[in-house]
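Work the whole structure out from these sequences, hints included.
Read off the chains here:
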Amino acid sequence: MSETTPPPDEPTGRQRFSRRALLGGAGVGVVAAAAGGVAIGRATAAEDTAGSQVVVFRGDHQAGIITAAQDRLHFASFDVITRSRDELVALLKAWTTAAERMTRGEETAPDGAVGLGDYTPPADTGEALGLGAANLTLTIGFGPGLFGPSSSDPDRPDRFGIADRKPAALVDLPAFAAEKIESSRSFGDICVQACADDPQVAVHAIRNLARMGLGVVAVRWSQLGFGRTSATTQSQETPRNMFGFKDGTANLRAEQTDLLNRWVWIDQQDNPPAAQWMTGGTYLVARRIRMDIEPWDRANLLEQEQIIGRFKGSGAPLGQQGEFDTPDFNVTSYGAPMIPRTAHVRLAHPDNLGGVQILRRGYNFTDGSDGFGHLDAGLFFIAFNRDTGKQFVPMQQVLSRQDAMTEYLIPNGSSVFAIPPGLGPGEWWGQGLFG
Amino acid sequence: MNPRITTPIALLSLGVAAPLLLAGCTSKEGTDDAIAVTSTNDACDLASSEAQTGNVNFAVTNNGSKVTEFYVYGNNNRVLGEVENIGPGLSGNLTVDVTDPGTYTVACKPGMVGTGIRKEITVTGEKKAKEEVPADVNAAKARYLDYVRGQVNGLAAQTQIFVDHVNAGELDQARAMFGQVRTFYERIEPVAESFPDLDPAVDMRWDDTEDGQQPFTGFHRVERGLWPPQPAEVGEAPGQIAPADAANAKAQDNEAAIKQAANDLLANVNKLKTEVDKPDFTFETSQFVQGPQALIDEIAATKVGGEEDRYSHTDLWDFAANVDGAETLIAEMQPMISAKDPALMDKITAQFADVRTAINQYRDGDGYVTYTQVTEAQRKELSNKIDALSASLSQVPGLVLG
Numbered sequence: 001m002s003e004t005t006p007p008p009d010e011p012t013g014r015q016r017f018s019r020r021a022l023l024g025g026a027g028v029g030v031v032a033a034a035a036g037g038v039a040i041g042r043a044t045a046a047e048d049t050a051g052s053q054v055v056v057f058r059g060d061h062q063a064g065i066i067t068a069a070q071d072r073l074h075f076a077s078f079d080v081i082t083r084s085r086d087e088l089v090a091l092l093k094a095w096t097t098a099a100e101r102m103t104r105g106e107e108t109a110p111d112g113a114v115g116l117g118d119y120t121p122p123a124d125t126g127e128a129l130g131l132g133a134a135n136l137t138l139t140i141g142f143g144p145g146l147f148g149p150s151s152s153d154p155d156r157p158d159r160f161g162i163a164d165r166k167p168a169a170l171v172d173l174p175a176f177a178a179e180k181i182e183s184s185r186s187f188g189d190i191c192v193q194a195c196a197d198d199p200q201v202a203v204h205a206i207r208n209l210a211r212m213g214l215g216v217v218a219v220r221w222s223q224l225g226f227g228r229t230s231a232t233t234q235s236q237e238t239p240r241n242m243f244g245f246k247d248g249t250a251n252l253r254a255e256q257t258d259l260l261n262r263w264v265w266i267d268q269q270d271n272p273p274a275a276q277w278m279t280g281g282t283y284l285v286a287r288r289i290r291m292d293i294e295p296w297d298r299a300n301l302l303e304q305e306q307i308i309g310r311f312k313g314s315g316a317p318l319g320q321q322g323e324f325d326t327p328d329f330n331v332t333s334y335g336a337p338m339i340p341r342t343a344h345v346r347l348a349h350p351d352n353l354g355g356v357q358i359l360r361r362g363y364n365f366t367d368g369s370d371g372f373g374h375l376d377a378g379l380f381f382i383a384f385n386r387d388t389g390k391q392f393v394p395m396q397q398v399l400s401r402q403d404a405m406t407e408y409l410i411p412n413g414s415s416v417f418a419i420p421p422g423l424g425p426g427e428w429w430g431q432g433l434f435g
Numbered sequence: 001m002n003p004r005i006t007t008p009i010a011l012l013s014l015g016v017a018a019p020l021l022l023a024g025c026t027s028k029e030g031t032d033d034a035i036a037v038t039s040t041n042d043a044c045d046l047a048s049s050e051a052q053t054g055n056v057n058f059a060v061t062n063n064g065s066k067v068t069e070f071y072v073y074g075n076n077n078r079v080l081g082e083v084e085n086i087g088p089g090l091s092g093n094l095t096v097d098v099t100d101p102g103t104y105t106v107a108c109k110p111g112m113v114g115t116g117i118r119k120e121i122t123v124t125g126e127k128k129a130k131e132e133v134p135a136d137v138n139a140a141k142a143r144y145l146d147y148v149r150g151q152v153n154g155l156a157a158q159t160q161i162f163v164d165h166v167n168a169g170e171l172d173q174a175r176a177m178f179g180q181v182r183t184f185y186e187r188i189e190p191v192a193e194s195f196p197d198l199d200p201a202v203d204m205r206w207d208d209t210e211d212g213q214q215p216f217t218g219f220h221r222v223e224r225g226l227w228p229p230q231p232a233e234v235g236e237a238p239g240q241i242a243p244a245d246a247a248n249a250k251a252q253d254n255e256a257a258i259k260q261a262a263n264d265l266l267a268n269v270n271k272l273k274t275e276v277d278k279p280d281f282t283f284e285t286s287q288f289v290q291g292p293q294a295l296i297d298e299i300a301a302t303k304v305g306g307e308e309d310r311y312s313h314t315d316l317w318d319f320a321a322n323v324d325g326a327e328t329l330i331a332e333m334q335p336m337i338s339a340k341d342p343a344l345m346d347k348i349t350a351q352f353a354d355v356r357t358a359i360n361q362y363r364d365g366d367g368y369v370t371y372t373q374v375t376e377a378q379r380k381e382l383s384n385k386i387d388a389l390s391a392s393l394s395q396v397p398g399l400v401l402g
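Chains as they are written, first to last, in UniProt numbering: chain A, 1 to 435; chain B, 1 to 402.
Keep in mind that the hints were calculated from the coordinates and are not lab data. Even for Gly, the Cβ is constructed at its ideal location relative to N, Cα and C. One should not assume that every hint holds.
What the hints assert, rightly or not - Among the chain B residues that face chain A by a calculated CB cut under 10 Å, a handful are: (1) Gly235; (2) Ala267; (3) Asp346; (4) Lys347; (5) Arg356.
To be verified - Non-contacting residues of chain A with respect to chain B, defined by C-beta distances greater than 10 Å in every case (computed): (6) Asp79; (7) Glu100; (8) Leu116; (9) Gly117; (10) Tyr119; (11) Gly215; (12) Ala218; (13) Gln223; (14) Glu323; (15) Gly373; (16) Gln397; (17) Gly435.
Rendered as structure tokens:
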């Protein structure tokens, strides 16, 4: 079952569902702009047309992984603060219902925003009324701490009796060179990645899940992202990162089914019986990588291009013509490699990493400026892979030690989550783990 | 102006012969029957000074050159309705639901400053029935009023002893009882906050003085005298003492000034006692049922960051007192909550216990450790529990009144 946005020539009745129909049907506070909201949605992706802005919530894999990358992100990591398995399960069920509704462009609950009476806090906070679904996807994952001890809490007991279900590959990342990991931007028991083409839709989704979760979970950290830094389908153009360079040219794409099966989706043979709930899932690595923007901006163009290994304008590998030309690491100029030995492209290329690949799905971020007036900006790196210890970790060990770019990078947040497979009809988030 | 009275939870109406019910005080379409009000730079003209009980509509036009506001007041200058920020040449509408006949004051405020240009209107007609309040809610309110009066009596008695210590120069004794004397006030804070003049006089923070432009009075002024700001505590981070605050303390907190502040505090506490003890003292039902959440949100909104008792760091006393007050209110409403949603009542009970346990881990003898000993991580844990309790309490008004 495909989880990508359906092509424009196949709109179904459900995909045309808008908040207007729901509100109007209920006879409350009709939002006049609802129909307009669909058209207002940023129609950047080529396949976008009014009526096709709903990404299907259920399927073999969770949406939000190989779904065409949306423009905006709100990513939240939660600590589970209850010790009651029943409370946690009840929340996951309630979250599933609300999440599926929100991805259809509906309120978290019928009439939730204004229809529940004067003396009850609304069950939907309302700021997404009339905005349409905006291709919202909500992707849930579970961190190592949910199963017992983890980096953030080495003494934690197995609070929910699921230690035996922990997949062996779900471990926190080791320390890498030149990073300054802050605990308050890292780790967590549950993550929810909200991606949408409208930032308010993504923020609304996380805000409402956090509101519903009070007493059961507490937000540990969250991150807003504003510009996708990866293309995940062949129809998407390669975006640029905060250094101004095209990023992710060689990324895995949704259409590369064989490569996804090899590098992203977890196979039955990957886990023992107790961890079969992960089959069809994947692992998410989230890294908040602050970029040293101002020094970078003072680096000359030649230096910038040599650090990256690509031309800034075209995105072509140094020594080549087009963006998608294969980098040739043997080309030399005046006796030196055109693509320097420390260039990001060279070090990150599968050919130089034993063929290892990952699916990147990060976002640019800017959290204002720091006390020196320097932009607190960079890349909120998100990657999906089948075995983090065999894919992301060796890749990052090479990069953190050798990549010339690390001089301009300060990774300060680091997390790993197990992303279960998608939901079948009637299933709820975490059912495979807790059910 | 008192910046702390910004919440719509002004809980009580003072011993009023003419209680009013405020409904949808925002602009309303179709104000054919509205009283036309013309605000200029020096006049506030009303087309009529008479109205009937029920919805009273005002259509305010600003013919002056300054931005204006329009207010309707009940007893004790309590604002019943207001329309703000009407620019020159613009107009605004206001609807106030007046349940009782009587004389009411209205005011235009060209330039949005001062007490405004005041006029009176006479409201005639039948006394309109207030919204139906279930009998058990009224009974609970009556019992709660006894509690409020008891706390205010305790407050007055303890404040007397506290102020006596200050006046006698027994500052160690005064410091030792500061957290405890505030308990009585913090337990009934939403009630006390409904007195728009007395609450700031008793419990204002430095932040309410507009950096010293308004006089700094009350408990926290005396607290600052007892715990003079230390250089390491001065800064702009949450819970720190603002540099202007510290400079003001250095300049103005001499022995005579602190004694004066203490005596003023006592006088204002006694005024509060007099008002609450009046036989016709009453308060609004909707705000009674919102009281538990209001008290817990007091902690959640600001106190958990350590801003309340920033000189003495006795914040944990205040937290415990807010929880006391909220628990008392819930105890009064428990039968009503249990009848409609026993699971919610169980949850609230468990969450109160959870918050109580979290606070009790910081007990030290008869009191609490200073809040500076509570780490950031521990504060976050406390905040998580308080947020959870508040979320459950937010369901109470709909249940009790629904």
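So, going through the hints one by one against the coordinates:
1. Evaluation of the Gly235 (chain B) hint against chain A yields a violated restraint, the C-beta minimum of about 13 Å exceeding 10 Å.
2. With a cut of 10 Å, the hint placing Ala267 (chain B) at the interface with chain A is violated, because the nearest CB-to-CB distance is about 38 Å.
3. Given hint, Asp346 (chain B) at the interface with chain A, is violated; its Cβ is 12 Å from that chain's nearest Cβ, farther than 10 Å.
4. The restraint placing Lys347 (chain B) at the interface with chain A holds, with a minimum CB-CB distance near 8 Å, inside the 10 Å limit.
5. Look at Arg356 (chain B): its Cβ only gets to about 15 Å from chain A, farther than 10 Å, so that hint breaks.
6. A cut-off of 10 Å between C-beta atoms contradicts the statement that Asp79 (chain A) is not in contact with chain B; the least separation is 8 Å.
7. At roughly 22 Å from the closest C-beta of chain B, the C-beta of Glu100 (chain A) stays outside 10 Å, upholding its exclusion from the interface.
8. Separation of Leu116 (chain A) from chain B is inadequate, the least Cβ-Cβ distance of about 8 Å not exceeding the 10 Å criterion.
9. At the 10 Å boundary, the C-beta of Gly117 (chain A) falls inside the reach of chain B, the nearest C-beta of that chain being 6 Å off.
10. Non-interface call for Tyr119 (chain A) relative to chain B: violated, since the shortest CB-CB distance, roughly 4 Å, does not exceed 10 Å.
11. A beta-carbon of chain B is positioned within 10 Å of the beta-carbon of Gly215 (chain A); the least distance is around 3 Å.
12. The claim that Ala218 (chain A) is not at the interface with chain B is violated, since a C-beta of that chain comes within 10 Å of its own (minimum 4 Å).
13. Distance check on Gln223 (chain A): its Cβ is at least 18 Å (rounded) from any Cβ of chain B, clearing the 10 Å threshold; non-interface status holds.
14. Its beta-carbon lying about 46 Å from the closest one in chain B, Glu323 (chain A) satisfies the requirement of being farther than 10 Å from that chain.
15. The non-interface label for Gly373 (chain A) is consistent with chain B: the shortest C-beta to C-beta separation is roughly 17 Å, beyond 10 Å.
16. No beta-carbon of chain B comes within 10 Å of the beta-carbon of Gln397 (chain A); the shortest separation is about 31 Å.
17. Distance check on Gly435 (chain A): its Cβ is at least 22 Å (rounded) from any Cβ of chain B, clearing the 10 Å threshold; non-interface status holds.
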